[in-house]
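**Q** Here is what each chain is made of, one letter per residue.
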Amino acid sequence: MTVLNSPIHSPATESLYDTEILIIGSGAGGATTAALLAEAGFDVLVVEEGAWVEQGTVVPFSLDQMNQQYRSAGVTVALGLPSIAYTEGRCAGGGTEVNSGLYRRPPADVLERWRTQYHIRDLDPDEMYAIAHELETALNVTKVPGKVSAPSMALHRGAEALSWENSESPRWMKYPAGGNASSGQRQSMTRTYLPRAHRAGARIITQCRVRKLAIRGTSASEAAVVLANGQPGRIRFRHVFVCGGAIHTPALLQRSGLHEHIGDTLAVHPTVKLAAHFREAINVPDDVPVHQVKEFAPEISFGGSASNPGLVAMALADNWAEFGHAVNDWQRISVYYAAITSQGKGRVKAIPGMRDPLVTYHLTGRDKQLLRSGLSRLTLLMLAAGADEVYPSYRGAPLVRTPGDIANLQHSFATTKATVMTVHLCSTVPIGEHPRCAANSFGQIRGMKNVWVNDASMLPDAPGVNPQGSVQAFAVRNARRFIETNSPRG
Amino acid sequence: MRAASSKRTHLVADFSLPSATVVTGAAGWLGRALVQHLSTDSGSYRRDGVLRALVLNEQEAQSVRDVSTNVETVIGSVTDPRSLERLLDGLPADTDVIHTAGVIHPGKVSDFVDVNTTGAANMANAVHRAGLRRMVHVSSNSPFGTNPSEHDTFRAHEPYNPYLGYGKSKMHGELAVLAQVEQGLDAVIVRPPWFYGPLQPPRQTTFFRMVRGGKFPKFGAGTQRRSMVFLDNLVQGIVRAELTPNTSGRGYWIADARPYTVNEIIETVGRALKDEGYEVKPGAMKLPVIAGRIAERADRLIQGTGRYQQQLHVMGEMAHSIACDIDAAREELGYDPQFELYDGMRRSIQWCRAEGLEL
Amino acid sequence: MAAQTSRAFVRPFTQCLLGVDLPGLSSSQRDQISEFAVFHVDELPSVLRLGCNIIAVPMRGVVALPFGSNVIAWLIRHPLPLVGEYVRMIRSLAYTYVWEHWPDTLPDGSGAA
Chain A
1 MTVLNSPIHS PATESLYDTE ILIIGSGAGG ATTAALLAEA GFDVLVVEEG
51 AWVEQGTVVP FSLDQMNQQY RSAGVTVALG LPSIAYTEGR CAGGGTEVNS
101 GLYRRPPADV LERWRTQYHI RDLDPDEMYA IAHELETALN VTKVPGKVSA
151 PSMALHRGAE ALSWENSESP RWMKYPAGGN ASSGQRQSMT RTYLPRAHRA
201 GARIITQCRV RKLAIRGTSA SEAAVVLANG QPGRIRFRHV FVCGGAIHTP
251 ALLQRSGLHE HIGDTLAVHP TVKLAAHFRE AINVPDDVPV HQVKEFAPEI
301 SFGGSASNPG LVAMALADNW AEFGHAVNDW QRISVYYAAI TSQGKGRVKA
351 IPGMRDPLVT YHLTGRDKQL LRSGLSRLTL LMLAAGADEV YPSYRGAPLV
401 RTPGDIANLQ HSFATTKATV MTVHLCSTVP IGEHPRCAAN SFGQIRGMKN
451 VWVNDASMLP DAPGVNPQGS VQAFAVRNAR RFIETNSPRG
Chain B
491 MRAASSKRTH LVADFSLPSA TVVTGAAGWL GRALVQHLST DSGSYRRDGV
541 LRALVLNEQE AQSVRDVSTN VETVIGSVTD PRSLERLLDG LPADTDVIHT
591 AGVIHPGKVS DFVDVNTTGA ANMANAVHRA GLRRMVHVSS NSPFGTNPSE
641 HDTFRAHEPY NPYLGYGKSK MHGELAVLAQ VEQGLDAVIV RPPWFYGPLQ
691 PPRQTTFFRM VRGGKFPKFG AGTQRRSMVF LDNLVQGIVR AELTPNTSGR
741 GYWIADARPY TVNEIIETVG RALKDEGYEV KPGAMKLPVI AGRIAERADR
791 LIQGTGRYQQ QLHVMGEMAH SIACDIDAAR EELGYDPQFE LYDGMRRSIQ
841 WCRAEGLEL
Chain C
850 MAAQTSRAFV RPFTQCLLGV DLPGLSSSQR DQISEFAVFH VDELPSVLRL
900 GCNIIAVPMR GVVALPFGSN VIAWLIRHPL PLVGEYVRMI RSLAYTYVWE
950 HWPDTLPDGS GAA
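Protein chains in written order, with this note's numbering: chain A, 1 to 490; chain B, 491 to 849; chain C, 850 to 962.
Since the hints were derived computationally from the structure, they do not count as laboratory data. Incorrect hints may appear among the rest.
Below, computed lysine to aspartate or glutamate pairings styled on EDC-like, alpha-carbon distance capped at 16 angstroms [unchecked claim]:
1. 294(A) - 160(A)
2. 705(B) - 642(B)
3. 212(A) - 389(A)
4. 294(A) - 538(B)
5. 417(A) - 880(C)
6. 705(B) - 769(B)
This structure is a prediction, so every number in the text was calculated from the model and none was measured.
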């Protein structure tokens with residue numbers, strides 16, 4: 001408890017750290033694990049590759065934020081036909097600092113699928129929802145006070161006109177008394193679980209990249225790292241939790257010599273986009289809509305994207321000759337997405353001598369049909385919401401003004417012409433007792449005594465909803481199991 | 491589409507029965523069924539007043555009169571606007587028009603546009619000009635193509651995605667009717683998927699024969715879902731659409747209560763045949779999904795040259811799901827389908843036998 | 850050294866692409882955006898960076914041709930595999946940068962403050 005007066009985080013400078021529990025990564029999985037283990041009396045060290053960026057010092061969804069808080073400044077791609085652009089947080093708090101902040105519990109049918117198809121032992125929905133309830137309190141999961149933003153209202157209005165199921169997704173946000181939709185403060189990990197971990201004695205060091213784990217037989221003993229100043233360092237530990245996200249968790253495990261079923265089953269929610277033009281001003285440059293349309297869930301979901309003028313321009317860029325004129329009317333434009341649950345699979349493969357892994361993704365024929373249908377239905381939704389012009393984001397896309405125009409969209413769309421993107425990555429180190437799982441039901445890597453995963457990579461497949469709630473619920477469950485079966489070193 | 495009406499329970503405020511009813515395409519499968527149901531004692535929706543039927547020629551007129559004696563036939567065509575003026579001549583303002591005329595398996599692709607698009611536009615125009623009460627436009631699933639996955643179900647509102655020439659012509663037919671609605675016409679669109687039942691044309695006996703011989707084509711695992719509609723259900727849906735006020739400009743799926751899988755269709759039809767005393771060879775002609783895709787490509791190519799090949803077209807569609815959700819018709823029209831696949835198929839088989847058709 | 854490669858090869862390509870795509874941009878804006886593109890290529894994950902630099906080298910050659918800008922204009926409309934991804938990435942970055950920094954810019958790139 002001597003660290004109470006120390007700063008909550010510091011850059012990695014020492015050439016040798018020693019800890020009982022090493023947690024690699026400080027996002028939804030790592031921060032949650034750190035807080036629970038530290039509170040249970042374990043000696044915890046959290047290492048984060050990125051920097052600690054205080055909220056309010058960067059504009060949400062801006063290029064500046066991409067540069068400071070995203071891996072590779074926001075440009076990362078899973079190669080394939082088509083390639084899928086994705087983003088990953090790389091900062092203290094990980095994805096929770098940069099995502100939309102929308103919260104969804106793991107759906108009951110998804111938990112059931114994971115329990116039966118992946119044989120996750122002792123997966124009790126009641127326990128999971130009790131944990132979800134705790135999380136909702138800890139993160140202050142709440143709805144917008146008063147009116148939702150105009151782009152969110154448009155989703156709601158359009159869905160109601162078509163009798164499509166839609167709802168406001170709650171967010172982990174704190175609103176000041178008398179606040180409105182835009183005055184919330186996100187309850188990301190740097191505001192919640194990381195301070196909690198720190199208060200319980202955990203150390204948090206930033207700008208520390210883990211190169212590999214030294215593994216002998218069935219245990220790992222130390223991590224080789226690169227410190228903030230670029231010098232090599234070492235961290236000795238008794239147990240290690242790898243929580244670097246769905247790309248870098250499997251990459252690190254592979255670099256450390258662990259391969260079995262690791263990195264072979266990347267799952268994502270691919271999305272396609274459009275820009276919708278309305279007669280009235282609608283654009284909110286620094287926030288995203290809170291409504292989601294779930295009529296076709298889990299196969300297809302609709303929601304709103306960040307829409308600052310730069311992102312509006314990007315959404316129009318694929319057919320700039322036809323759509324470019326609209327950019328100067330960006331105040332009347334908002335960007336929306338259609339997301340699908342994909343049956344395709346991706347791979348993460350560490351390559352010797354390279355810093356980053358090769359990431360590939362293959363969409364199935366059915367996935368491509370769902371993307372086409374999703375974009376078409378989203379277009380109809382926007383017309384029903386009152387949009388007078390819709391600009392689908394793909395090369396050669398038609399301008400849509402009437403329902404009849406959508407037929408041209410359906411016929412000319414191809415995923416290879418579109419900018420397919422995703423922000424939800426998971427399932428590269430799936431947990432469960434099924435032989436195809438890489439870790440046991442509680443995240444312990446097969447064949448290893450002291451190596452665990454506890455982040456999005458452990459989810460057996462894509463949950464079909466914003467995954468942070470599922471990641472944290474499993475992280476809490478698995479951390480508790482660890483605490484029950486291991487005692488802190490005296 | 492913007493005319494979002496609140497969901498209402500049925501039978502709140504029906505239109506009264508019209509003084510006169512007009513049926514186009516009256517010599518067709520659906521047209522004859524409508525004539526029978528609306529004007530004979532064996533029909534479920536017998537009504538008094540004038541029933542006028544549009545037919546192409548004297549031979550068709552006779553086939554309509556074979557079904558009912560309480561019907562006036564007018565020879566003409568939806569492709570000829572002057573004949574439509576004759577069709578509607580002298581009818582009172584509370585007349586309803588049920589527009590079933592359409593071409594599904596034409597000799598050449600251009601027939602699609604002439605009948606399904608221009609014909610619908612002519613009809614909507616004529617009904618509007620005559621100031622009649624309501625038009626029910628019988629469309630299809632084809633303007634909406636096929637579901638993007640086997641689990642997907644079409645909702646009441648869907649983006650157009652026409653399936654080849656037929657779908658495109660039916661889509662433009664709907665759009666032409668909706669354009670007249672913008673001008674003040676009162677019209678409702680009814681969208682039946684694949685239908686079955688008595689009065690069926692010869693191509694449908696092939697269907698029974700294929701099932702009997704264990705030769706019905708099944709792509710992949712046969713798990714594709716298909717909505718189907720028994721003719722009596724469809725007639726009910728059309729009458730509900732005709733008589734429910736405040737629904738102008740809306741479109742409704744009219745189908746059996748739920749979609750069936752291809753496996754279920756083969757099994758159920760086989761069972762219905764067996765229970766009607768026919769010998770049935772179990773099984774189906776198993777084909778890889780890719781064969782369906784190839785048929786679809788070939789259909790596309792051939793239609794591109796202006797020709798039409800029925801078998802290819804049907805094969806191409808069979809590898810996909812076409813499933814729709816009838817909730818809107820239930821909620822807004824009070825549609826309540828009375829027949830499911832097994833009963834409907836038994837009735838169809840009985841009708842074929844009574845007609846002396848070889849199955 | 851990677852940064853040297855990007856600067857030598859990505860920068861001229863971006864300049865040329867902007868000349869075709871957003872001809873109204875001032876030369877100082879073009880410089881800024883090109884720097885931004887170079888920065889991003891350098892930040893790319895290892896495999897992508899390598900791939901980009903491999904593509905950037907012949908593209909640099911194309912740009913030097915007398916009809917280079919015609920080729921770029923063609924590539925924007927007819928994306929080839931891999932090369933198309935490179936073009937698309939640079940374009941996306943450029944458009945985002947331009948309208949985030951100068952939201953009143955006209956569609957041809959002119960009229961910015």
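**Q** Are residue 417(A) and residue 880(C) close enough, with their CA atoms no more than 16 angstroms apart?
**A** violated, 29 angstroms
**Q** Are residue 705(B) and residue 769(B) close enough, with their CA atoms no more than 16 angstroms apart?
**A** Holds. Residue 705(B) to residue 769(B) sits at ~14 angstroms (cutoff 16 angstroms).
**Q** Between residue 294(A) and residue 160(A), is the straight-line Cα distance small enough, at 16 angstroms or below?
**A** holds, 12 angstroms
**Q** Given the hinted pair residue 705(B) and residue 642(B), is their alpha-carbon gap at most 16 angstroms?
**A** violated, 27 angstroms
**Q** If you draw a straight line from the CA of residue 294(A) to the CA of residue 538(B), is it 16 angstroms or shorter?
**A** violated, 47 angstroms
**Q** With a cut-off of 16 angstroms on the C-alpha distance, tell me whether residue 212(A) and residue 389(A) pass.
**A** violated, 52 angstroms
In terms of the numbered hints stated before, the structure departs from hints 2, 3, 4, 5, listed from lowest to highest.
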